[in-house]
Amino acid sequence: MSRNGSFALLFHTLVVLFMLAPLMVVCLVAFTPQNTLSLPTTEFSLRWFRAVFERADFVDAFYNSLILAFSAASLATLIAVPAALAITRFEFPGRDFFNGLFLSPIIIPHLVLGVALLRLFALIGVNGSFAWLIFAHVLVITPYVLRLVLASAIGLDRSAEHAAQSLGAGRFTLFRQITLPMILPGVAGGWLLAFINSFDEVTLSIFVTSPATQTLPVRMYVYATESIDPMMAAVSALVIALTALTMILLDRVYGLDRVLVGKQ
Amino acid sequence: MSALAAIRLGRQGYLLSAPALALYVSLLVIPLMLTLLLSFNVFDYGSGIKGDAYTIEHYDSLLGDPYFYEIFLRTLWISALTTLLCVLIGVPEAYILSRMGAPWRSIFLILILTPLLISVVVRAFGWSLLLGADGLVNQTLQAFGGSPMKLLYTPFAVVIALVHVMLPFMIIPVWTSLQKLDPAAEQAALSLGAGHFTVIRQVVLPQIMPGILSGTLIVFGLAASSFAIPGLLGGRRLKMVATLIYDQYLSELNWPMGAAIAVALLLINLLIMLSWNRMIEGRYKKSLG
Numbered sequence: 000m001s002r003n004g005s006f007a008l009l010f011h012t013l014v015v016l017f018m019l020a021p022l023m024v025v026c027l028v029a030f031t032p033q034n035t036l037s038l039p040t041t042e043f044s045l046r047w048f049r050a051v052f053e054r055a056d057f058v059d060a061f062y063n064s065l066i067l068a069f070s071a072a073s074l075a076t077l078i079a080v081p082a083a084l085a086i087t088r089f090e091f092p093g094r095d096f097f098n099g100l101f102l103s104p105i106i107i108p109h110l111v112l113g114v115a116l117l118r119l120f121a122l123i124g125v126n127g128s129f130a131w132l133i134f135a136h137v138l139v140i141t142p143y144v145l146r147l148v149l150a151s152a153i154g155l156d157r158s159a160e161h162a163a164q165s166l167g168a169g170r171f172t173l174f175r176q177i178t179l180p181m182i183l184p185g186v187a188g189g190w191l192l193a194f195i196n197s198f199d200e201v202t203l204s205i206f207v208t209s210p211a212t213q214t215l216p217v218r219m220y221v222y223a224t225e226s227i228d229p230m231m232a233a234v235s236a237l238v239i240a241l242t243a244l245t246m247i248l249l250d251r252v253y254g255l256d257r258v259l260v261g262k263q
Numbered sequence: 000m001s002a003l004a005a006i007r008l009g010r011q012g013y014l015l016s017a018p019a020l021a022l023y024v025s026l027l028v029i030p031l032m033l034t035l036l037l038s039f040n041v042f043d044y045g046s047g048i049k050g051d052a053y054t055i056e057h058y059d060s061l062l063g064d065p066y067f068y069e070i071f072l073r074t075l076w077i078s079a080l081t082t083l084l085c086v087l088i089g090v091p092e093a094y095i096l097s098r099m100g101a102p103w104r105s106i107f108l109i110l111i112l113t114p115l116l117i118s119v120v121v122r123a124f125g126w127s128l129l130l131g132a133d134g135l136v137n138q139t140l141q142a143f144g145g146s147p148m149k150l151l152y153t154p155f156a157v158v159i160a161l162v163h164v165m166l167p168f169m170i171i172p173v174w175t176s177l178q179k180l181d182p183a184a185e186q187a188a189l190s191l192g193a194g195h196f197t198v199i200r201q202v203v204l205p206q207i208m209p210g211i212l213s214g215t216l217i218v219f220g221l222a223a224s225s226f227a228i229p230g231l232l233g234g235r236r237l238k239m240v241a242t243l244i245y246d247q248y249l250s251e252l253n254w255p256m257g258a259a260i261a262v263a264l265l266l267i268n269l270l271i272m273l274s275w276n277r278m279i280e281g282r283y284k285k286s287l288g
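As they're listed, the protein sequences go chains A and B.
Position 164 of the first sequence, counted from 1, bears residue number 163 in numbering that gives the first Met the number 0, the numbering being contiguous throughout.
Position 88 of the second sequence, counted from 1, bears residue number 87 in numbering that gives the first Met the number 0, the numbering being contiguous throughout.
Next comes chain A alone, as it looks inside the complex (with noise of 0.2 Å):
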């Protein structure tokens, strides 16, 4: 049932065009058999997707991107889960103070952010560190799995952890048994969405990674400033394959709506 007029659904195309159309323009570039940037119309060609792979300093940022968003979505998640459960079930003086600190990296813009961990790290001598690095990426991302371990945490039914409770169950079964599995989607999804946050980074990283510590956004948003050539086409069309491919993870085990505009 639609109840759109001709008018609304010709603006809506529009609308969905423009979305799609630069990231459809990149898949189709980066298939192009030129040394332009060319649409390709009748040969489709891999040569600039070979090139990339040639490029060790892409592939050796695409690594540095990977090992850095899986660590720090892992570690954001280890500090998320416990301060969400401390959030949603304890009364503890500061609480609401805790809550809107650990968001506040949402609205705190990504470059004052990295400016500020640039002055730190070269004041404690760790600049171009990887650790830190990491450390800086957990920053950002924590508050994606906090609001989705929140979320899921809130309206959880207390009845099974009070019963397993009475039957003398210690804390740590409590949690592994009953409450992990009950907020697992939540924690699920908020790993994979700060793994999407940790791996597209760009604002922050520029400032606090070195040549070895390069990301792979860095590492396109440097070249692109420099040079533009079909192999930049090709780099985007995997980077768009890669989030299709966490995306489409995301949304089997918390749903993409969910995550996108809450919960329905």
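One or more of the hints may lead you astray.
Stated by the list, open to error - Short, incomplete list of chain B residues facing chain A, as computed with Cβ under 10 Å:
(1) Ala-19
(2) Val-202
(3) Gln-206
Said to hold, decoys possible - Derived coverage of chain B by chain A (criterion: at least 3 residues anywhere in the stretch with Cβ under 8 Å from a Cβ of chain A; other residues may be distant):
(4) 91-104
(5) 118-127
(6) 176-184
(7) 224-233
(8) 236-246
(9) 264-277
Quick caveat, the hints were computed from the structure, so don't treat them as lab data.
Here a beta-carbon is modelled for each residue, glycine too, at the ideal position from N, C-alpha and C.
Starting from the structure of chain A, add chain B where the hints point.
Okay, now just chain B, sitting in the frame of chain A:
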């Protein structure tokens, strides 16, 4: 609950949030304070940052130097225009989406919102392919007999790409407030003889206003501090505040000046967010009782 139990429960709460607190204090609170301190440090191109000498010179030139003034003004109008376009496109689109039938509604919602999860560098690159000198837009223009235009490295390119990146942030809150709308109110107004536009203006719009306002806020804040879009589509000459800070830090190496601009950007951002929030809360608490 006894006071002792409250303390015990409270202690568990602190214990569970301790790792997060440690992370946020060491990587958020302390670095921001260090940056604030840095913005008052004396800087000399010969010897660098003087950690023990303080000055307000950087804030002074931020307010007085026409070069900075021009960049702040440009950032302001580009963000304002982006926000306006996002309202004009995002609000009707969210409304149209909410009126769609069952499978299409979620399909298109996901299709429109997922670009949000794709790297902003990729999206900026996509726009540079479309808007470049021999890009798709110019090819289409030429095919219809027009002459090619310079689109890339203009404010136009920056605004278009910013609208593309920010549109989901407008659609999401508007969509959320549309979900809370009671369809019976619309039907009642229609059955009482109100025209379609009257219904939208008098019934729908007032109820989704909080959503539109919070979308406006998010879009403006993100646009004003956006970095990759102006960096890749604005070129070297079209600076915005974020690219200016980047230059101060990584090419001029004048960290105190960069820190002063970053502090100003953060303060302006927080100020707009907080005052807007207060305004919305005040207005809607009043009208909703």
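Right, here's what the structure says about each hint:
1. Ala-19: Given a least distance of 4 Å, the restraint on B:Ala-19 holds.
2. Val-202: At about 15 Å, which exceeds the 10 Å cut-off, the nearest Cβ of chain A leaves the hint on B:Val-202 violated.
3. Gln-206: violated, 17 Å
4. 91-104: holds (count 9)
5. 118-127: holds (count 10)
6. 176-184: violated (count 1)
7. 224-233: holds (count 5)
8. 236-246: Held - the stretch 236-246 of chain B has 3 residues with a Cβ nearer than 8 Å to chain A, which meets the minimum of three.
9. 264-277: That given contact holds, which follows from 5 residues of the stretch 264-277 of chain B lying within Cβ reach (below 8 Å) of chain A.
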